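S.K.: The residues making up each chain are set out below.
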Amino acid sequence: MDSLLAGIALATQGTTLLYLMLGVLLGLWFGAIPGLGGVTAMILVLPFTFGMEPQAAFALLLGALAVSTTSDTISSVMLGIPGTIASQATVLDGHPMAKQGRVLTAFGAAFTVSAIGGVIGGIALAISLPIMTWLVLTFGAPEFFVLSLIGLVMVGGVSGNAIGKGIAAGALGLLLSQIGYPVAASDPRYWFDQMFLIDGLPLVPVVIGLFGIPEMMQLGTSGGALASQRFEKAEDDSLMAGVRAALANRWLAMRCSVLGTYVGMLPGLGASVVDWLAYGHGVQSAKDRSQFGKGDVRGVIAPEAANNATLGGSLIPTLAFGIPGSGAMAILLGAMTIHGLVPGPAMLQQHLPLTLSMVVCIILANIVGAGALMLWSKQVARAAFIDGNLVVPAVFVFLVMGSWIGQPEILTLVALLVIGLLGFALHAAGWPRPPLILGFVLGPVMENSLAITAQAYTLTEVLSRPSILILIALLLLIFIGAARAIAKRRNDFKIEIGASASRGSLMLSLALGIGCIALFVWAFDQAQEWSFLSRVFPMAICSVGAVVALGCAVQDFRTLRRYQPTGAEDTLAGFWRHHRREVLIFVIFAVTIALVPVLGLAGAMLAFTALYLLGWGRFGWLTAVLYTAGVGAFLYVVYHRMLHVPFVPPFFLS
Amino acid sequence: MIQGRLKGLIATSAIVAAAALPATAQVIDLEGNTVTIVHNASPGGSTGLTAQLAADAWTQTMAGNPTMVVQSVEGGALARGILQVMNARPDGRTIGWVAWQGSTRILDPEDRQIPFQDFGLIGGVGGMTFIAHTSAAPDRGMNEPADLPNLEHYRFGGYSPRSGPAIRTAVAMDMLGVDWSFVSGMSGDTPLEAARQRGEIDGYPVTAVYYQQTMRDGVVADGSDIPLFYFSPPNEDGTGLSVDPNLEGILPFDQYFTQVTGAAPEGPGWEMIQYHARVTDPINWLVVAPPGTPEEHLAMLRESFAEAVQSEEFQTRAAELLGQVPTISYYEDVQAIVDEIAATPEAMRDLQREYIARMER
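The listed protein sequences correspond, in order, to chains A and B. Count along the first sequence starting at 1, add 9, and that's the number in the working numbering. Count along the second sequence starting at 1, add 388, and that's the number in the working numbering.
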């Protein structure tokens with residue numbers, strides 16, 4: 010108790026509290042901008058923490074990190090683009106809610122459960138302190154593999170009524186994750202002799218490209234604002250309505266918070282997976298699933314409660330063993346080293362008040378962050394009603410810079426575009442996109458744990474572990490539950506509101522199916538020459554993927570043969586007319602990226618902004634000049650001066 | 389008006405030409421500019437943090453006292469950051485602080501190799517000593533270091549088969565007649581230690597810093613782990629490995645080998661261990677300027693780097709971070725190592741490839 014009081018005193022003393030609030034402000038800001046997030050905020054402030062007192066340094070770092078998974082909701086809900094990797098699933102129902110003019114309800118629910126999740130994560134961390142070492146040592150490679158499998162079964166939960174296409178998309182995501190170096194060999198796979206691909210596709214362009222580019226293509230052609238209905242007019246839309254919804258679904262929020270804490274504890278899984286797991290759980294545990302994907306508030310509550318709880322969980326292996334489960338934890342570990350702190354039992358014996366002050370900082374940051382966002386919600390929500398063409402240029406610049414910051418080379422932007430086009434095609438063809446992301450983030454964890462298990466254990470050793478038996482039972486329960494739901498057609502809902510089925514969308518779906526079959530067959534063939542552990546996982550993915558994609562293609566082919574057009578426009582030409590303006594916007598994006606080596610990164614972004622506003626948005630010169638100047642100032646101050654992002658110079662300066 | 393535009397155009401052209409041409413002024417004027425130190429590991433790790441400490445000290449000694457920032461360019465098996473420096477303009481604004489793994493990088497196919505000798509070499513930081521150790525296992529007869537040769541099988545872990553410490557551990561086990569297997573996919577001392585405590589591996593080549601900070605008074609003191617021997621830089625006369633005074637009670641590999649087998653180590657395996665002792669262990673981070681950097685500017689960088697890393701501020705803070713004062717290598721030593729690696733005999737390359745093939749699955 011004395012240590013706890015000392016920890017509270019450390020966290021709430023003047024300077025520490027000030028740094029905590031500074032961190033919270035920074036975290037809120039960076040979390041709201043797609044592609045930045047809490048890790049970038051931590052990198053930014055890390056050098057300044059070297060000379061601080063340890064408690065102040067950790068308050069600043071944890072404050073910045075803790076609330077970024079609260080403010081990332083803004084981008085997910087308003088733009089349909091995950092603000093950070095942790096809020097991917099929030100897009101599925103949060104964005105439809107915004108389109109229905111229920112922004113405030115979504116915010117109210119999200120911020121409430123974010124605070125709840127953050128507090129539960131902090132408390133779980135405090136409770137787990139005495140058993141941290143035991144927890145870390147219980148979960149070995151076999152347990153990670155089964156946990157990843159459980160995550161993969163959630164593909165059913167995030168596929169809606171398109172299970173086959175969901176599995177095929179999941180297999181595609183898994184295959185994409187196989188690009189680059191394998192675990193147990195030193196020859197990269199599927200890398201086409203491109204250094205860019207030698208470590209695999211970077212995560213950020215994949216996540217924001219898959220959702221962000223198609224969303225901007227759609228917004229730029231809609232000719233209106235993001236929301237089709239003003240929130241003042243939407244029935245019962247208010248922050249309090251969101252708070253009430255959160256409280257009404259408190260058990261879901263609690264379960265997802267606990268899930269978030271313990272998944273966060275597992276290195277390598279963490280925030281990038283937990284929101285999908287929570288969303289899948291939210292779907293599977295609901296009686297009425299008909300509104301998921303269309304703006305069900307439970308689809309916001311589940312992932313938002315879980316992603317804020319992961320921080321507390323991920324601190325457990327970091328403090329207990331010095332195992333950084335994520336990039337953010339690696340930075341925190343670095344800060345601990347700088348301050349002469351050695352993770353492990355010493356943190357509990359010699360530095361218990363400091364350790365507990367971290368817990369208090371997490372709890373305080375989450376409460377303050379959620380409160381601040383509640384206060385600002387109305388102002389933020391008004392952005393949903395400004396002209397979409399004013400939103401597109403700035404968001405495209407954020408998407409480009411968010412991708413660029415992690416891997417500053419032109420191929421990163423090409424990847425962003427290609428994945429964006431894939432996302433657009435999947436959406437237009439009625440294929441669910443979330444399973445692709447789930448497969449992409451789970452693939453490396455699954456392969457790594459499978460490879461270590463194969464190298465370090467015999468089958469008997471694996472099957473004699475009690476923890477494995479419990480997890481396998483859990484896996485079977487979830488699998489049977491999902492299978493029963495499919496059999497009873499309880500999954501009869503669309504996970505994403507896409508275009509209704511048409512001849513064009515069916516033909517595109519058929520083409521995607523055939524494309525997937527060709528890709529899986531090619532990838533299988535490539536893998537045959539590799540060493541055993543290099544080939545086993547991609548070959549398994551390709552086998553399942555090819556069979557399922559074949560099934561999808563056959564089903565689409567049959568549907569097309571029986572298909573009755575719904576009107577004169579229900580033709581391939583009509584489908585093209587419906588989407589051609591979106592494709593045109595994509596071409597504008599592509600030309601902008603192509604101009605980066607010529608005009609330089611900043612030049613291309615500014616030229617795009619000005620020309621888009623003048624040519625496509627039909628805004629006046631004054632608007633275009635002021636807007637472009639604003640974008641330029643933001644690029645200069647934030648990306649150049651603060652983050653030291655290397656900008657490609659124009660060709661004449663190279 | 390036109391005259392004004394013409395003047396502007398001429399001025400712009402002059403600036404562009406000045407920027408585009410190789411610097412003819414030998415020491416580049418960096419006053420008021422920003423110099424970026426590019427490192428090739430993730431932010432927050434020891435590579436980035438040490439680079440930050442060096443930047444803080446170097447900004448005070450470098451001519452022009454430029455602002456120095458540290459940027460992480462990770463990935464590509466460490467190659468991405470190295471290539472970024474390789475392709476940077478030699479304008480004094482970019483410096484590399486790279487974990488390089490030169491001795492195993494030469495095993496890559498031709499098109500993936502990096503010509504380190506083309507860089508403007510400045511210095512090197514952070515020599516590394518690795519300790520081989522194993523879990524105590526009385527049921528398998530493993531109670532003390534001398535029991536190792538009687539061990540039926542030794543399973544050790546690491547991130548990749550293509551790492552100097554992992555290859556040397558495999559070679560050492562072969563020389564001692566111990567059957568071994570390698571578990572890849574575990575990165576860093578702490579995840580490896582957790583894997584050892586879970587029983588997934590028997591041991592791993594641990595850095596001396598982690599050993600001293602965490603293991604010596606913990607798992608080694610309580611008897612659950614046994615240090616076996618260590619790999620260190622060559623001794624002064626070049627006949628064996630140097631003795632690390634911080635690792636009292638543990639022997640360098642050659643002395644351990646002699647103690648348990650009664651004979652001095654010899655043969656291709658021992659030559660490989662000595663080769664790594666010469667070219668891998670002395671330098672952890674190579675400090676370089678882009679190819680084409682003017683010689684006089686390089687001379688200034690070498691001098692100011694030496695002054696910076698010898699400063700009390702850097703040494704104190706680095707010792708706090710790394711657990712010991714890092715060894716510093718200067719230009720001549722670094723050049724000798726880079727030259728030796730570039731001239732590695734084919735037989736040595738083949739032997740390393742053979743071991744990597746045995747470690748891969």
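Hints were generated in silico from the structure; no laboratory data involved. Here the structure is a predicted model, which is why all the values come from computation and not from measurement. Backbone N, C-alpha and C define an ideal beta-carbon position, used for all residues, glycine too. Some hints here could point you the wrong way.
[Claimed, not checked] So, partial list: chain B residues that the calculated Cβ filter (under 8 Å) puts toward chain A:
{"#": "1", "residue": "PRO549"}
{"#": "2", "residue": "GLY650"}
{"#": "3", "residue": "ARG749"}
S.K.: Decide, hint by hint, whether the structure agrees.
M.R.: Comparing the hints with the structure gives:
1. PRO549: 6 Å, holds
2. GLY650: Since chain A brings no Cβ nearer than about 34 Å to GLY650(B), farther than 8 Å, the hint is violated.
3. ARG749: 5 Å, holds
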